[in-house]
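2 protein chains.
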Amino acid sequence: MSAKPLSILPITSFPMVKAGDDLVDFLITSHQMEYPVQPQDIIVITQKIVSKSEGRLRDLRQVEPGEKALDLAAICEKDPRLVQLILEESSEILRVRKGLLIVKHRLGFVCANAGIDHSNTVEGDKEEDFVLLLPENPDQSAARIQKEFFSRTGIDIGVMIIDSHGRAWRNGTVGTAIGVANVPGLVDLRGHKDLFGYTLRATLIAAADELAAAASLVMGQANEAVPCVIARGFPYPLREASLSELIRPDELDLFK
Amino acid sequence: MSAKPLSILPITSFPMVKAGDDLVDFLITSHQMEYPVQPQDIIVITQKIVSKSEGRLRDLRQVEPGEKALDLAAICEKDPRLVQLILEESSEILRVRKGLLIVKHRLGFVCANAGIDHSNTVEGDKEEDFVLLLPENPDQSAARIQKEFFSRTGIDIGVMIIDSHGRAWRNGTVGTAIGVANVPGLVDLRGHKDLFGYTLRATLIAAADELAAAASLVMGQANEAVPCVIARGFPYPLREASLSELIRPDELDLFK
Numbered sequence: 103m104s105a106k107p108l109s110i111l112p113i114t115s116f117p118m119v120k121a122g123d124d125l126v127d128f129l130i131t132s133h134q135m136e137y138p139v140q141p142q143d144i145i146v147i148t149q150k151i152v153s154k155s156e157g158r159l160r161d162l163r164q165v166e167p168g169e170k171a172l173d174l175a176a177i178c179e180k181d182p183r184l185v186q187l188i189l190e191e192s193s194e195i196l197r198v199r200k201g202l203l204i205v206k207h208r209l210g211f212v213c214a215n216a217g218i219d220h221s222n223t224v225e226g227d228k229e230e231d232f233v234l235l236l237p238e239n240p241d242q243s244a245a246r247i248q249k250e251f252f253s254r255t256g257i258d259i260g261v262m263i264i265d266s267h268g269r270a271w272r273n274g275t276v277g278t279a280i281g282v283a284n285v286p287g288l289v290d291l292r293g294h295k296d297l298f299g300y301t302l303r304a305t306l307i308a309a310a311d312e313l314a315a316a317a318s319l320v321m322g323q324a325n326e327a328v329p330c331v332i333a334r335g336f337p338y339p340l341r342e343a344s345l346s347e348l349i350r351p352d353e354l355d356l357f358k
Numbered sequence: 103m104s105a106k107p108l109s110i111l112p113i114t115s116f117p118m119v120k121a122g123d124d125l126v127d128f129l130i131t132s133h134q135m136e137y138p139v140q141p142q143d144i145i146v147i148t149q150k151i152v153s154k155s156e157g158r159l160r161d162l163r164q165v166e167p168g169e170k171a172l173d174l175a176a177i178c179e180k181d182p183r184l185v186q187l188i189l190e191e192s193s194e195i196l197r198v199r200k201g202l203l204i205v206k207h208r209l210g211f212v213c214a215n216a217g218i219d220h221s222n223t224v225e226g227d228k229e230e231d232f233v234l235l236l237p238e239n240p241d242q243s244a245a246r247i248q249k250e251f252f253s254r255t256g257i258d259i260g261v262m263i264i265d266s267h268g269r270a271w272r273n274g275t276v277g278t279a280i281g282v283a284n285v286p287g288l289v290d291l292r293g294h295k296d297l298f299g300y301t302l303r304a305t306l307i308a309a310a311d312e313l314a315a316a317a318s319l320v321m322g323q324a325n326e327a328v329p330c331v332i333a334r335g336f337p338y339p340l341r342e343a344s345l346s347e348l349i350r351p352d353e354l355d356l357f358k
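Which chain is which? The protein sequence lines are A and B, in order. Under this note's numbering, the first residue of the first sequence is numbered 103, with each subsequent residue one higher. Under this note's numbering, the first residue of the second sequence is numbered 103, with each subsequent residue one higher.
Where hints are given, some of them may not hold.
One copy or any two copies: either way a pair holds, since identical chains are not told apart in the list.
As the list claims (entries may be wrong) - Simulated crosslink set (SDA-like; lysine to any residue; CA at most 25 Å straight-line): (1) Lys249 x Leu172; (2) Lys120 x Gln142; (3) Lys180 x Asp290; (4) Lys106 x Gly122; (5) Lys200 x Gly256; (6) Lys200 x Arg246; (7) Lys106 x Glu136.
These are computed hints drawn from the structure, not numbers from a lab. Source: prediction; values computed, not measured.
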């Protein structure tokens, strides 16, 4: 491994995405217009457009909150119908306070509100009526995009789906991987030596999350339409992977 | 704000650093050789070389563990002299288990072992005798480098010092800011609207930490000597800042 530059290239020509759209079509068109993808590039995609293409939009007016949702909603002061969806998307409720609901998502990771997004969902409709769930299975979504991109272009890339997550002890959100295909979640350098021949200390690197943060920085959250970036110069070999490598097992989670 | 590429450019010509060295000298020489710094670039530096230049190396043979250190060392099975130094660098012990000591560092953030590094410290000496503490005050160190770089080159940049931190719920370490100068820790987009005029959800972005993760990815942890990178294309305006914006106040910390 020799040190080389990392470039995060924003795709700004991406069209609006709606249910049933084929993201691979859009990716092939957009990358050709802006930054032609090269082998070993990684395409990083925000969960929002993956969810939209998969039809994960939900109309709160059609959600009937159960008893547990009503109880939790009273504590966290959120819409009980939203809380009902959060419960359905979660395997465990970890913290409930006013304005806050932290859960273990059914996909394994810990996040606020089960990653359910309340903004930027349906053009023209009222914001408060529609919410967007995370993709059904982001690893599978990433893998499908990765394979189809290869079969249609002959270019072997990595694909990662990300979201913005809060942290336990630090303010602000950071881009975080929620699905990977052909991108290593963890890079294990245990046993490697440093410059002086000493054994390394921090040797299990969350490389996918570091890349997710870099991509998120370029995507921004504001008025820009950058749902997707191309990462060039990722310093580790691409390989088969799944998000599960990044999830700390319950028995090692010190802060539940 | 328009979307532009972000580049993380590795500086590989950096010499070995020892106590008393002037990092600004090295930075000026290195950047001229490799990637000449431009206004608004951010220089990201690993804590390790800042600590070394500040003489933060400690010889464990000169450390006398107190009673509390001996007690904790028995639980976490670490060297009691190392635990003594961890205690001196911490304001609070949060978790102690076999192999693990998570603290609130006196600098405010939560991390393992008070960020004390046991590897790659003294050429030729025995690894187990020397450890490296974090810089005395990374915000001040970053500010000093930022100001001096400007006064000697006329180029106005940002400077950030980073370390590798673990996370509560996810495996692996990610690059994390421990000191900033002229780099916004948080970017507050509250009140901004998205493409459809809806209010944004994730609107408090830990931009410095996202950049720290990107930089860490390029620095790696292995045999490479990349203690420093230049980040070009950071998407937010540079401004005065301090690490404290990134630290969640105790009363909002849900996982203590």
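Check the structure against each numbered hint from earlier and tell me which ones fail, lowest number first.
1, 2, 4, 5 and 6
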